[in-house]
Amino acid sequence: KNEVEQSPQNLTAQEGEFITINCSYSVGISALHWLQQHPGGGIVSLFMLSSGKKKHGRLIATINIQEKHSSLHITASHPRDSAVYICAVNRNGNKLVFGAGTILRVKS
Amino acid sequence: GAGVSQSPSNKVTEKGKDVELRCDPISGHTALYWYRQRLGQGLEFLIYFQGNSAPDKSGLPSDRFSAERTGESVSTLTIQRTQQEDSAVYLCASSLQEGQPQHFGDGTRLSIL
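Line order of the protein sequences matches chains G and R. So the first sequence is residues 1 to 108, counted in my numbering. So the second sequence is residues 1001 to 1113, counted in my numbering.
The set of hints was computed from the structure by calculation and includes no laboratory data. Each statement offered as a hint is correct.
Reference listing, derived: stretches of chain G covered by chain R, where coverage requires no fewer than 3 residues with Cβ under 8 Å from a Cβ of chain R:
no.: 1; stretch: 81-90
no.: 2; stretch: 94-101
Over the 12 Å line for every Cβ pair with chain G, so calculated as not near, a few chain R residues:
no.: 3; residue: Pro1008
no.: 4; residue: Lys1011
no.: 5; residue: Thr1013
no.: 6; residue: Lys1017
no.: 7; residue: Glu1072
Since the model is a prediction, treat every value here as computed from it, not as a measurement. For each residue, glycine too, the CB sits at the ideal point set by N, CA and C.
Looking at chain G on its own, in the form it has when it is part of the complex:
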């Protein structure tokens, strides 16, 4: 079993829909990251969180440390949100352990 599990693996949504991507992890962590990888390969860090909730524009990330679970929400989704969303956790210092990613496609 991977240390970081994401679901779903693939997600197709209609423009405007509310989207949730989930991440569960099995180890103790110091922080959890949500990353976005566009089709061209570039990776952007969306959030880094260790507790509670963070919001940036239409994106919201939450984490429940006790349940070892995080969610990334996208409100009012748009085709430009189409990308791979990757959950990663910090353990043993600065080493990041990555989930397999969720491929999101938003159709207009």
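Dock chain R against chain G, hints included.
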């Protein structure tokens, strides 16, 4: 530039050759990371630098892989005697300090023929 810069962006080489990949982090960022992403797979951690020291080399897949960082700036990842399974996108990231968000470069796409 303002971001993490990697070169070359693409590298095609024959099996058995040595390759060097370069990463220029954001100025002032003390932490630097190397990752690998093989086709259709997730990201893998390779090595992490704090300053010029590498406290964690646990991700280097074999002794053919090495990395160094000088001047608390540029880092090079060297792969000796390349094998076909080394084909991947090699990504570099930097952060201001340990535990801070990481900024990624666009990667070097390495293809071993």
